[in-house]
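Enquirer: So the sequences go chain by chain: A and B.
For the first sequence, position 109 (counting from the first letter as 1) is numbered 109 according to UniProt numbering, and the numbering increases by one without interruption.
For the second sequence, position 46 (counting from the first letter as 1) is numbered 46 according to UniProt numbering, and the numbering increases by one without interruption.
If you are wondering where the hints come from, they were derived from the structure by calculation, not from laboratory data.
Mimicking BS3-like on lysine-lysine, the simulated pairs with C-alpha atoms at most 27 Å apart in a straight line are: (1) Lys81/A with Lys168/B; (2) Lys342/A with Lys327/A; (3) Lys116/A with Lys111/B; (4) Lys208/A with Lys168/A; (5) Lys219/A with Lys202/A; (6) Lys342/A with Lys81/A; (7) Lys111/B with Lys81/A; (8) Lys219/A with Lys208/A; (9) Lys342/A with Lys332/A; (10) Lys342/A with Lys116/A; (11) Lys168/B with Lys116/A; (12) Lys124/A with Lys208/A; (13) Lys124/A with Lys327/A; (14) Lys23/B with Lys116/A; (15) Lys81/A with Lys116/A.
Some chain B residues flagged as far from chain A (calculated, every beta-carbon gap over 10 Å): (16) Gln22; (17) Asn24; (18) Ala25; (19) Ala29; (20) His32; (21) Asp38; (22) Phe40; (23) Val43; (24) Thr53; (25) Gln68; (26) Glu71; (27) Arg88; (28) Glu92; (29) Tyr163.
Bear in mind that the values here come from a model prediction, so they are computed numbers and not experimental data.
Backbone N, C-alpha and C fix where the C-beta goes; we use that ideal spot for every residue, glycine too.
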Amino acid sequence: MAVNDTLEGTHKIIEEAREQQARINPLAPTVNDFNQELTTLNLGPTHPATHGIFQNILQMDGERIVSGVPTIGYIHRAFEKIAERRPFYQITPLTDRMNYCSSPINNMGWHMTVEKLLGVEVPKRAQYMRVILMELARISDHLICNGILGVDTGAFTGFLYLMDEREKIYEIYEEVSGARLTTNMGRVGGMERDFTPVALQKLRAWLKSFPAVMTEFEKMFNRNRIFMDRVVDVGAISAERALNYGFTGPNLRAAGVDYDVRVMNPYSSYQDFEFEIPVGTKGDTYDRFMVRNEEIWQSLRIINQALENLPEGPYHADAPHYYLPPKQAVYKNMEALIYHFKIVMGEIDAPVGEVYHSVEGGNGELGFYLVSDGGRTPYRLHFRRPCFIYYQAYTEMVVGQTLSDAIVTLSSMNVIAGELDA
Amino acid sequence: MADQNESIPAQEEAAAKDPAAQKNAQLLALLHRLFGEDAFTDVEEPYGLLTATTTRERIHDIVAGLQQDQELQLNFLTTMCGMHFPEREGQELGMVYHLHSLTQNIRLRLKIFFPIADPVVPTLTDLYSTANWMEREAFDFYGIIFPGHPNLIRILNVEDMDYHPMRKEYALEDGTREDKTDLFFGR
Chain A
1 MAVNDTLEGT HKIIEEAREQ QARINPLAPT VNDFNQELTT LNLGPTHPAT HGIFQNILQM
61 DGERIVSGVP TIGYIHRAFE KIAERRPFYQ ITPLTDRMNY CSSPINNMGW HMTVEKLLGV
121 EVPKRAQYMR VILMELARIS DHLICNGILG VDTGAFTGFL YLMDEREKIY EIYEEVSGAR
181 LTTNMGRVGG MERDFTPVAL QKLRAWLKSF PAVMTEFEKM FNRNRIFMDR VVDVGAISAE
241 RALNYGFTGP NLRAAGVDYD VRVMNPYSSY QDFEFEIPVG TKGDTYDRFM VRNEEIWQSL
301 RIINQALENL PEGPYHADAP HYYLPPKQAV YKNMEALIYH FKIVMGEIDA PVGEVYHSVE
361 GGNGELGFYL VSDGGRTPYR LHFRRPCFIY YQAYTEMVVG QTLSDAIVTL SSMNVIAGEL
421 DA
Chain B
1 MADQNESIPA QEEAAAKDPA AQKNAQLLAL LHRLFGEDAF TDVEEPYGLL TATTTRERIH
61 DIVAGLQQDQ ELQLNFLTTM CGMHFPEREG QELGMVYHLH SLTQNIRLRL KIFFPIADPV
121 VPTLTDLYST ANWMEREAFD FYGIIFPGHP NLIRILNVED MDYHPMRKEY ALEDGTREDK
181 TDLFFGR
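With the hints as extra help, turn the sequences into a complete structure.
Expert: This is how it looks when you write it as structure tokens:
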């Protein structure tokens, strides 16, 4: 590849790119082998089966998909740009709104990135609390995905069962952070408050009641003839293609690659827990469904272990420069007031440096690339959003299949519009 | 108070704790063997992640070489993104690549910098399918041109937008506002 080093050459390339953009017609061909005209179908942007706002312009030969062009960006909110003007603690609410089905994972991932930059060591209790919350989030994320996959194949009952359980998870979030969907949970340096007795009680009660529901859900789907006919061998992708497309998370594991950030680069004390990484073989919709189901069980195992061994001790690091003091102390204590003022008014600078930290999000490796120039805001913050990266494979996965297969494929990939567009 | 000098010990400490330090040395040796020592400048290990700056003339060969390499198998493109440093004359724009070896669990960060007047970078779409949208995103946000890209159009912003919004000259707030100085609010 020759790279132009003259300005003129650059202008020419820009012109060419513009021309290419103008003449591009990705929807070719327009007729099939028998010279019958193909149908252009707009799937989305607002279509009940896409579960989010993104468009697919499909070229259909009868019921078969010949080609497709995905268009995204309908809820692009410029988080990376906004983050460049916000102090670190104000970026947490932005991360909520990426994968809003599992916001706590995004929150914790962001906190851990900042902690890595600042060199803050989080106490064990806070790490275990985070693990519990992140695994709850993973379960609720997978419940939504698998429940809706059921709806898309015509089974509404399972979805209702699972939504009920997700509601209970949200009630636990509510006890922990006060919010349900966009949780803004935890702080840089630990958690904002300890688990309340009510939160622990709700968590324990849920841990008791949930397995029975999950077993019932699995009984209803796993070997269900109608369900299997709809999902087996649908939307398959090989491990090799999946890796080339940058797949991570359950979608990659369904294709047979056992990559899990929790195991490969353990964070937040994940090395303390016993759990298994389920993998599929074919990377089809059925495998993705089964991998997610099994991950729910493994997450339950982790939560149970973390809750059993929850260490005593402080729930946040002793990092007064970064961790807001309790409000009561601010009113009575001179130092607390000073630190509160300094943090809120942005008197405290971060170290210069760049850091990449990734966590295993609901959909795969959720990475934060943070470049700090020493100011109170990031100089550059890039989110590695798993959805954005693997959704580009969607066209390749559905070409040659029927429209109804495309719907279940999309559903099982768990594309979350908020994360896709950021 | 955390001033800028504090970052160096924090980084060193993080690097020492990281068991990947040895692997980084191994990776650096491999890079030097495959592509020559002059291909890389500014080799650092911030927070334990090997970072090297190279040139855009070589980036494609390096990524392709690492993809083919059987020893460390850096054949997973985690992410790539653009950057803008307006004060660095002749090196204003940059691209950052994160590569990962899923078998050896080593990460590598490669950077290239080039002038904003000539924002042309070879595409990696022939090596990685995943580079497609990442490069479209870099084009959309920073106006970086990737010759050979199959479909280099905007991805997240509207197509008739005539600027590249992540460049630093586009401040988030109206820069002419006088009722609000940033005296107390930092940058």
